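Peer 1: Now for the letters of each chain:
Protein chains: 2
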Amino acid sequence: MKIADRISHITGGSADGWGVYYRARDLIAAGERVANLTIGEPDIKTDPAILEAMAASAASGNTGYTVGPGQEPLRREIAARVQARTGVPTNWRNVVVTPGGQAALFAVHMALLDAGDVGLYCAPFYPTYPGTIRATGAKAVAVPTRSDRAFQPEAAEIEARAAGARTLLINTPNNPTGVIYSTDTVAQIAAACVARDLWLISDEVYDTQVWNGAHVSPRALPGMAERVVVIGSMSKSHAMTGSRIGWIVAPEPVAEAVAVLATNTTYGVSGFVQDAALFALRQGAAFEAAIAAPFHRRRDIVARGLGNSPAVRLIPPEGAMYVMVDIRATGLSGAEFAHRLLEQEQIAVMPGESFGAPAAGHLRIALTLEDGALEAALARLRGFAEALRG
Amino acid sequence: MKIADRISHITGGSADGWGVYYRARDLIAAGERVANLTIGEPDIKTDPAILEAMAASAASGNTGYTVGPGQEPLRREIAARVQARTGVPTNWRNVVVTPGGQAALFAVHMALLDAGDVGLYCAPFYPTYPGTIRATGAKAVAVPTRSDRAFQPEAAEIEARAAGARTLLINTPNNPTGVIYSTDTVAQIAAACVARDLWLISDEVYDTQVWNGAHVSPRALPGMAERVVVIGSMSKSHAMTGSRIGWIVAPEPVAEAVAVLATNTTYGVSGFVQDAALFALRQGAAFEAAIAAPFHRRRDIVARGLGNSPAVRLIPPEGAMYVMVDIRATGLSGAEFAHRLLEQEQIAVMPGESFGAPAAGHLRIALTLEDGALEAALARLRGFAEALRG
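Chains as they are written, first to last, in full-length UniProt numbering: chain A, 1 to 390; chain B, 1 to 390.
If you are wondering where the hints come from, they were derived from the structure by calculation, not from laboratory data.
Predicted, not measured: the structure shown is a model, and the values here were computed from it.
Using N, Cα and C, we set each Cβ at its ideal position, and we do this for glycine too.
Do not rely on the hints blindly, as some may be mistaken.
[Stated by the list, open to error] Mimicking DSS-like on lysine-lysine, the simulated pairs with C-alpha atoms at most 27 Å apart in a straight line are:
| hint | chain 1 | residue 1 | chain 2 | residue 2 |
| --- | --- | --- | --- | --- |
| 1 | A | Lys2 | B | Lys139 |
| 2 | A | Lys139 | B | Lys2 |
| 3 | A | Lys2 | A | Lys139 |
| 4 | B | Lys139 | A | Lys139 |
[As the list claims (entries may be wrong)] Now the in silico label distances, taken between C-beta atoms and shown as ranges:
| hint | chain 1 | residue 1 | chain 2 | residue 2 | range |
| --- | --- | --- | --- | --- | --- |
| 5 | B | Ala160 | A | Glu252 | 37 to 47 Å |
| 6 | B | Ala49 | A | Ala285 | 34 to 44 Å |
| 7 | B | Arg282 | A | Asp148 | 31 to 41 Å |
| 8 | B | Ala49 | A | Asn308 | 54 to 64 Å |
| 9 | B | Ala376 | A | Pro73 | 27 to 37 Å |
| 10 | A | Pro89 | B | Ala303 | 48 to 58 Å |
| 11 | B | Ala286 | A | Pro73 | 37 to 47 Å |
| 12 | B | Thr11 | A | Pro73 | 22 to 32 Å |
[As the list claims (entries may be wrong)] Some residues of chain B that are not near chain A, with every Cβ distance over 10 Å (derived):
| hint | residue |
| --- | --- |
| 13 | Glu41 |
| 14 | Arg85 |
| 15 | Pro89 |
| 16 | Asp117 |
| 17 | Arg134 |
| 18 | Glu154 |
| 19 | Ala162 |
| 20 | Thr183 |
| 21 | Arg227 |
| 22 | Asp300 |
| 23 | Ser309 |
| 24 | His339 |
| 25 | Ala357 |
| 26 | Ala360 |
| 27 | Gly372 |
| 28 | Ala379 |
Chain A extracted, bound-state conformation:
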């Protein structure tokens, strides 16, 4: 009995690079004290007021089927939010609600890629990106970026890989690097997409976590709204990872295609979860700033704790809930460093290799530990690195 070739195509036959994460989880389960800086899960729970809004919606009877593309009030709220943040005219027909940002990523690639097409994505990358593209039957091709250029994508690297490509997936503010694409970078990306007639899929789920400069959505550039699909989510902005709710904002033909897919893949999103999201989005900017604030504080803790180390070079951390550090001066790979750091110091971080070749010799540190514990862990990480360098 044969499984579809699709499945081995998705995994690419390689290890998933999450060995440190699994080992840390096992140690924690066994009662060990581990400073866990591996995954991007906010260390706060969803706000009780949001959960009460969900419970109230369910109790009032919103427990039946919802229409595929999402409830109209939520689609209108998301459209208004996106328009207010970018200035781009956006209406509710541009919006499709999905069961999470990952489902949005998958749906839009399904809507835009056929088997045999090429889908581009920038490396370093969020680990599901290549598998998401491959799940459609397409070929996933990485566009490398360079540590010494703060992992900003360059038009020439995109264009060099555009043969057969129909889409380019970017992420700013970026996971895993913590950088924000500059205005110039976004303009270069947009120009490359126009030159090679690519759809640009812009994952902006960290757009409320901006510590330096400004987040520029490529959809706001002249003429780009017809070519850009934005991925959004409540997971990071509102600490609602477990609610599994996200969206796409897209030209209407793409939104309609994603709605067709929704009928055949998900059959809609729980109405009470949509009502909770609507309530959450209406809490306003101060609510969102309060959720982002700990990561901003911790970014500063990292900058203070690791600045000027001869062994640990900080990639300028501008946004998102991660920082990336270059530990090549220690002579170890990211994977070797991370495994030894876990065993010797009980600190778990992700090896850069888990996010693609350009992040080899780097580590991703998730800012998901309480400030004091983070500061102490960083001091030990720094000492560990500097001792290696000798």
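Go by the hints and put chain B onto chain A.
Peer 2: Below, chain B alone, put in the same frame as chain A:
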């Protein structure tokens, strides 16, 4: 800018057959009184105790990411349930939790079909079936069944269409026909799948709605557990349509493939919804019987109301929340009959043509109206049909 060919492949370019449904919805929105017997939504809300379990889980902090294949306690509960109902040894690794039965249908076809393969399904069919198969890039091929054989699939019809096929999708108790596949039918289907080396995907979401005889899961037949994937859902058994939670039960390699897909398509199901499902499954048989009871009562109302009519022939209604009637004696197509019935009698039913050619000249009546209103609507439907026959 081009949308993937996949999208037009999914829709097949044909009208969706839901004109009567949309028209009824518009009439109801405009304030008209319409007896709506179109869709399979239970006319009760999710039980408050289940919603309270969900709210309690969320309030207690189960608001973060969950692992892809589902929470282990829920997977164990589902495995135990399936084993108890079928006698087939089943462990939690055979189970993957999905965001609804539709998501389960899609995931298993994604795991078993590559682009260009053939996926078989029986007609009449639940309307998402062909699109779900096509969404994978595969070709969807209908296996016809016959009204005068109570729409029971026959091995010869399956084998005649097995060239290039890798899967066969069946549904018993059946939507839209209201029949239950007999022991002989299930044995014939199983034998055909063995003969042609097909995976058998068995949609059993109506398995708590059995009015005559017994539901036989093909997974329980000798040697079939390694070839059968069962689709389950909380939507009908527990009136939880809006919670979007379902599952697959499959051989471990298939379950593992579906879990790989989950990482790249959904990233898990809300933990608080899984906890609500676990609570609901533990309410036991009496709870489920109470949810099924109104449909059983209404099935009897239909049998009384339409029995022995010279114009309306009842397909023996054995299970699920629908009955199908043959109105060919009126000389109208199902679509003509349904449109005229809506305009003249303000009764909305689905034309059989919406479910494939073998149901042409038939109507599907959903048992989702309160008993007295259903009885009155049926009397008018019968009168309308008999007047047509003259």
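Peer 1: So, for every hint listed, does it hold in this structure?
Peer 2: Each hint, compared with the structure:
no.: 1; hint: A/Lys2 / B/Lys139; result: 17 Å, holds
no.: 2; hint: A/Lys139 / B/Lys2; result: 17 Å, holds
no.: 3; hint: A/Lys2 / A/Lys139; result: 22 Å, holds
no.: 4; hint: B/Lys139 / A/Lys139; result: 21 Å, holds
no.: 5; hint: B/Ala160 / A/Glu252: 37 to 47 Å; result: 42 Å, holds
no.: 6; hint: B/Ala49 / A/Ala285: 34 to 44 Å; result: 38 Å, holds
no.: 7; hint: B/Arg282 / A/Asp148: 31 to 41 Å; result: 57 Å, violated
no.: 8; hint: B/Ala49 / A/Asn308: 54 to 64 Å; result: 59 Å, holds
no.: 9; hint: B/Ala376 / A/Pro73: 27 to 37 Å; result: 35 Å, holds
no.: 10; hint: A/Pro89 / B/Ala303: 48 to 58 Å; result: 56 Å, holds
no.: 11; hint: B/Ala286 / A/Pro73: 37 to 47 Å; result: 38 Å, holds
no.: 12; hint: B/Thr11 / A/Pro73: 22 to 32 Å; result: 27 Å, holds
no.: 13; hint: Glu41; result: 5 Å, violated
no.: 14; hint: Arg85; result: 24 Å, holds
no.: 15; hint: Pro89; result: 18 Å, holds
no.: 16; hint: Asp117; result: 8 Å, violated
no.: 17; hint: Arg134; result: 8 Å, violated
no.: 18; hint: Glu154; result: 24 Å, holds
no.: 19; hint: Ala162; result: 15 Å, holds
no.: 20; hint: Thr183; result: 24 Å, holds
no.: 21; hint: Arg227; result: 6 Å, violated
no.: 22; hint: Asp300; result: 25 Å, holds
no.: 23; hint: Ser309; result: 32 Å, holds
no.: 24; hint: His339; result: 23 Å, holds
no.: 25; hint: Ala357; result: 20 Å, holds
no.: 26; hint: Ala360; result: 23 Å, holds
no.: 27; hint: Gly372; result: 22 Å, holds
no.: 28; hint: Ala379; result: 28 Å, holds
Going down the numbered hints, you'll see the structure goes against 7, 13, 16, 17 and 21, while the others check out.
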